[in-house]
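Enquirer: Sequence:
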Amino acid sequence: MRERLGLIIIAVTLAAVVIVIAVGLSRRPAEPEPPSAPPTAATPEASQLPLQGNLTLQGSKLTQKDEQGNVEWSLQADTELSFDAQRQVAEGQRVHWQFQRGPDTEWTVDAPQVVYKYDTGRLEFTQGVELYSTARRQRISVKRLVYVSDAKELRGEGPVRLTDDEIRVTANHLLVDLEARRVKLSGGVRCHVGS
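In this note's numbering, the protein residues as written are 5 to 199.
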């Protein structure tokens, strides 16, 4: 008799728990709808952007071509590029940029953030930039880097760290002349040769 009484108590308790759970689920409020995306009217379509010269946009990739139609540089962002027509800028996150001469990539840049000013053609990479020369096998770390399209220059502000197989150099400023293929470091330059 005691065994039956124990089993009856367990069965009644389980039934009560199931009823409480069922009632609780039936009275649960509906899931709120996720917030809607911001209106897309503020972001112009690619065809409406005042892109200069031979610049094209496809998704999150900008490509600049020279007068002969060869790719001069390309920029790929991990996120969609956002555009601000009033400020005339495009912004991207986690970007990879390549500067090319003919079919060869000469410089690559990886940066957390870029701002492209499409009225001047300047690209400003910020928040810790990694620059790599494929021809010289040099790696350069810099806080901020600006590509000046008119001058075909990369200008960096420190601290700047240049490394390759033989040397390590630190400085405050960087100037890369892309046409002359020359790198210049200035301001508090320190050099360490060897390993």
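None of these hints come from the bench; they were simulated from the model.
One or more of the hints may lead you astray.
Said to hold, decoys possible - For lysine-lysine, the following DSS-like pairs were computed, each having C-alpha atoms within a straight-line distance of at most 25 Å:
#, residue 1, residue 2
1, K188, K65
2, K188, K147
3, K69, K156
4, K121, K69
5, K156, K121
6, K147, K65
7, K65, K121
8, K156, K188
9, K121, K147
As the list claims (entries may be wrong) - Listed next, with one range per pair, are the computed distances between beta-carbon atoms:
#, residue 1, residue 2, range
10, D169, D88, 23 to 31 Å
11, S64, G132, 26 to 34 Å
12, E71, G198, 22 to 30 Å
13, N74, K121, 19 to 27 Å
14, H196, Y136, 14 to 22 Å
15, D168, K69, 25 to 33 Å
16, D82, H196, 32 to 40 Å
17, V197, D82, 16 to 24 Å
18, R194, R148, 13 to 21 Å
19, R148, A184, 38 to 46 Å
20, D123, I171, 16 to 24 Å
21, T17, T83, 49 to 57 Å
22, E170, S190, 17 to 25 Å
23, T60, R194, 26 to 34 Å
Note that CB positions come from ideal geometry on N, CA and C, so glycine has one too.
Enquirer: Hint by hint, which ones does this structure get wrong, listed from lowest number up?
Expert: 1, 10, 11, 12, 17, 19, 20, 23
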